[in-house]
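Undergrad: Go by the hints and put chain H onto chain F.
What follows is the residue order along each chain.
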Amino acid sequence: EPEVTQTPSHQVTQMGQEVILRCVPISNHLYFYWYRQILGQKVEFLVSFYNNEISEKSEIFDDQFSVERPDGSNFTLKIRSTKLEDSAMYFCASSEALAVSYEQYFGPGTRLTVT
Amino acid sequence: LAKTTQPISMDSYEGQEVNITCSHNNIATNDYITWYQQFPSQGPRFIIQGYKTKVTNEVASLFIPADRKSSTLSLPRVSLSDTAVYYCLVGDLHSGGYQKVTFGIGTKLQVIP
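Protein sequences appear in the order of chains F and H.
Going by the working numbering, the first sequence opens with residue 1, and the numbers climb by one from there.
Going by the working numbering, the second sequence opens with residue 1001, and the numbers climb by one from there.
Chain H extracted, bound-state conformation:
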């Protein structure tokens, strides 16, 4: 898996848009970018996955520039319940069917009232 670098922590006020950037300079041609969220004392939860440009779902948007050496997870108008650790991971979706998820330290987002 390509090495990823993301901030260890971030603070944001309620109602603001939060952007968490992940660097992955050594991303390979076949690698996808995936983000997970983990609330305290809960299991991780898949948020979004993308290969290039922009992906949006009901939870977040994922922006990937043309060189794919970084990506930005965007959370619109965060609330206190968005306080969690956010993990960026990059890896090849091989054809074996299963995909081992390798988590890093993640970014601890604290939303402030």
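So here's chain F without its partners, still in its complex pose:
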């Protein structure tokens, strides 16, 4: 069964450093998403991406965040200058084109720890 993969599984970084979280969505999917989950809290939507541009972003997704699909397979989330409060699990997800459904396929997540 095809699956979304994410690397690294755990990233430790110092406050103020830039991090790039990587995702490989399912190959025939055209919609891509990033979510985050702070320990013990809800899963929060960050951004959706389609046709090489952002479709929607949340208030969390400020100027410190950016997304990119640098090639035909990877989808990345960059945090330019990390803060302590960015520590969370970051999940990438993808969904099929034109699917009228809430069915998204989530990756296993990257645990980001900012010290």
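Just so you know, these hints were derived from the structure itself, not from any lab.
Just so you know, not all the hints are guaranteed correct.
Unchecked claim - For lysine-lysine, the following DSS-like pairs were computed, each having C-alpha atoms within a straight-line distance of at most 25 Å:
| # | chain 1 | residue 1 | chain 2 | residue 2 |
| --- | --- | --- | --- | --- |
| 1 | F | K42 | H | K1003 |
| 2 | H | K1108 | F | K42 |
| 3 | F | K42 | F | K83 |
Stated by the list, open to error - Take a look, some chain H residues computed to stay more than 12 Å from chain F by CB distance:
| # | residue |
| --- | --- |
| 4 | M1010 |
| 5 | V1018 |
| 6 | S1023 |
| 7 | N1026 |
| 8 | I1033 |
| 9 | Q1038 |
| 10 | P1044 |
| 11 | F1063 |
| 12 | D1067 |
| 13 | R1068 |
| 14 | P1076 |
| 15 | D1082 |
| 16 | Q1099 |
As the list claims (entries may be wrong) - What follows is a set of in silico ranges between Cβ atoms, one per label pair, in the way DEER data are often shown:
| # | chain 1 | residue 1 | chain 2 | residue 2 | range |
| --- | --- | --- | --- | --- | --- |
| 17 | F | S101 | H | L1080 | 27 to 33 Å |
| 18 | F | V24 | H | E1058 | 36 to 42 Å |
| 19 | F | T113 | H | D1092 | 15 to 21 Å |
| 20 | F | V12 | H | I1105 | 24 to 30 Å |
| 21 | F | I20 | H | Y1013 | 30 to 36 Å |
| 22 | H | N1030 | F | G16 | 23 to 29 Å |
| 23 | H | G1015 | F | K83 | 45 to 51 Å |
All C-beta atoms, glycine included, are put in the ideal place defined by N, C-alpha and C.
TA: Frame of chain F, contents of chain H only:
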């Protein structure tokens, strides 16, 4: 998205059927009901989606009464591996293609041996 209310936690013994009910009194005509499952330290996983009556797949059943103001996720004969958080969400499937999933707190199901 319509507001949903579901129990914060539930316990069940292995082998029992578990029913998790979600209230969504303000559901709109075009809204669908979707359930996700999240195991500890993993990403959420889509379980089932429905509009009315009953939907069944290999994982669960979803029961939706005629007024659609609530829905019940039914897990047959749970095992320890069904211990997870279950999220109910209600929303309009707009034609934009992408669907932002808005998660609530969910129901933490603990299956006991």
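Undergrad: Looking at Q1038(H) again, its CB stays over 12 Å from all of chain F?
TA: Q1038(H) is in fact no farther than 12 Å from some Cβ atom of chain F, at 7 Å.
Undergrad: Are all C-beta atoms of chain F more than 12 Å from that of Q1099(H)?
TA: The claim is violated: Q1099(H) sits with its nearest Cβ about 5 Å from chain F, within 12 Å.
Undergrad: Are all C-beta atoms of chain F more than 12 Å from that of S1023(H)?
TA: It holds; S1023(H) is separated from chain F by about 18 Å at its closest Cβ, greater than 12 Å.
Undergrad: Would the hint linking K1108(H) and K42(F) be met if the CA-CA limit is 25 Å?
TA: Roughly 12 Å separates the two Cα atoms, so the pair holds.
Undergrad: R1068(H) clear of chain F by more than 12 Å, beta carbon to beta carbon?
TA: holds, 16 Å
Undergrad: Take a quick look at D1082(H) and tell me if its Cβ sits farther than 12 Å from every Cβ on chain F, holds or violated.
TA: holds, 18 Å
Undergrad: Can you let me know if the beta-carbon spacing of N1030(H) and G16(F) is within 23 to 29 Å?
TA: Distance hint for N1030(H), G16(F) is violated at roughly 45 Å.
Undergrad: Taking the closest pair, is the beta carbon of N1026(H) still more than 12 Å from chain F?
TA: Check passes; 18 Å lies beyond 12 Å.
Undergrad: Falls inside 27 to 33 Å, the C-beta gap from S101(F) to L1080(H)?
TA: holds, 30 Å
Undergrad: Given a hinted range of 15 to 21 Å, is it respected by the beta-carbon distance of T113(F) and D1092(H)?
TA: Check failed, 37 Å falls outside 15 to 21 Å.
Undergrad: Find the nearest Cβ of chain F to the Cβ of D1067(H) and say whether that gap is larger than 12 Å.
TA: Holds, because the least Cβ-Cβ distance between D1067(H) and chain F comes to about 21 Å, which exceeds 12 Å.
Undergrad: CA of K42(F) to CA of K83(F), is that 25 Å or under?
TA: holds, 19 Å
In this structure, the hints that do not hold are numbers 8, 9, 10, 16, 18, 19, 21 and 22, in rising order.
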